[in-house]
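Colleague: For the sequence shown, the numbering used here begins at 1 and goes up steadily by one.
Treat the hints with care, as some may be off.
[Unchecked claim] Pair ranges (Cβ atoms, derived):
| no. | residue 1 | residue 2 | range |
| --- | --- | --- | --- |
| 1 | ARG256 | ARG305 | 31 to 39 Å |
| 2 | PHE64 | GLY299 | 48 to 56 Å |
| 3 | ASP99 | THR317 | 38 to 46 Å |
[As the list claims (entries may be wrong)] Calculated cross-link-like contacts (lysine-lysine; reagent style DSSO-like; alpha-carbon spacing at most 30 Å):
| no. | residue 1 | residue 2 |
| --- | --- | --- |
| 4 | LYS131 | LYS106 |
| 5 | LYS221 | LYS233 |
| 6 | LYS148 | LYS106 |
| 7 | LYS106 | LYS14 |
Don't read these hints as lab results, they were simulated from the structure. Predicted, not measured: the structure shown is a model, and the values here were computed from it. All residues carry an ideal CB built from backbone N, CA and C; glycine is no exception.
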Amino acid sequence: MPPIKTVSKSTSIKIAVVAFEHILPFHLSVPCAAFQTTWNEGPSPFRLRICSAEGRRLRSAAGFVIEAEYGLEELSRADIIIVPSWRDCYETPPQALLDALRRAAKNGKRIVGLCLGAFVLAHAGLLDGCKATTHWIATDELARRFPKVSVDPDVLYVDEGQVLTSAGAAAGIDCCLHLVRQLLGTEQANHIARRMVVSPFRHGGQAQFIEQAVTTAPRDKRMAHLLENVQRKLHLPHSLDEIAQHAVMSRRSFTRHFRQLTGSSFGDWLLAQRLSEAQRLLETTDLSLERIATAIGLGSPITLRQHFQRAYRTSPTHYRRSFNADRADA
1 MPPIKTVSKS TSIKIAVVAF EHILPFHLSV PCAAFQTTWN EGPSPFRLRI
51 CSAEGRRLRS AAGFVIEAEY GLEELSRADI IIVPSWRDCY ETPPQALLDA
101 LRRAAKNGKR IVGLCLGAFV LAHAGLLDGC KATTHWIATD ELARRFPKVS
151 VDPDVLYVDE GQVLTSAGAA AGIDCCLHLV RQLLGTEQAN HIARRMVVSP
201 FRHGGQAQFI EQAVTTAPRD KRMAHLLENV QRKLHLPHSL DEIAQHAVMS
251 RRSFTRHFRQ LTGSSFGDWL LAQRLSEAQR LLETTDLSLE RIATAIGLGS
301 PITLRQHFQR AYRTSPTHYR RSFNADRADA
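When you get a sec, could you build the whole thing from the sequences and use the hints?
Modeller: Shown next, in the form of structure tokens:
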């Protein structure tokens, strides 16, 4: 694939979202909420356009009509193109849409397939030789129909550089927030997540959602308070036994209940919180890696580098250079 077109933080980032007949309103609303063009805090860094793949007047799956001002020609002017889903994994998308996506990819645009939108990217040949994901109910079909694609059925999203794919429904929010983190940094992504009332970073995969119900228990409020306290004191050890004791639960009961609520182990969740705080500190301070490692409870720069590299596939120093050039040498 050609080099990815870089986007300047000083100019509006142009986002094109592809709409189509019988689109589920929720799927269309996910990128609209993440990249909305009206911010109470001031001018938005994004310019969002809804682009129809099948005429300017579309009927949604909910029955109401969507008037799309833009067509597929807008894709050539976008920095990032998002296909928020597709109506049927067994249906081939319109040729005009596939051609437009191929041209955009050739010109270095980043292209995102949320949920069944991964099938649209696969039909366009953009996922050949890449790792990808989609809604868990369709991962087997994606792998069967497109053997050149390496399908990961468990993750919430996959970033292959120029192309990104996400699992079903709400995992599209995770993928969009990931893009915001890359474009504008962790602080802005966290701000958008708070506005949407969602977690800025979910650790774990979509396997936790396969035909399972997440229960609500009286302890949940206590658990939320307990985890907020952990987040405020990341420098402390926070052993599993200690946390279970504070929750007034046995180690085994706490572990089971925590996984039901979050889809991950306490250890994985704690590491994700520490690394998220490391991102924030790398972006906003000139603290040394040693001081950051101590502040987030990882002990040493070596441990910080190991976990950071494994989670984000880059080093803390390179991350700081990307998001905090003024402090890159710290």
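Colleague: Against each hint, give a clear statement of whether it holds in the structure.
Modeller: Each hint tested on the structure:
1. ARG256 - ARG305: 31 to 39 Å: Holds, at about 33 Å.
2. PHE64 - GLY299: 48 to 56 Å: 55 Å, holds
3. ASP99 - THR317: 38 to 46 Å: 42 Å, holds
4. LYS131 - LYS106: 19 Å, holds
5. LYS221 - LYS233: 19 Å, holds
6. LYS148 - LYS106: 19 Å, holds
7. LYS106 - LYS14: 17 Å, holds
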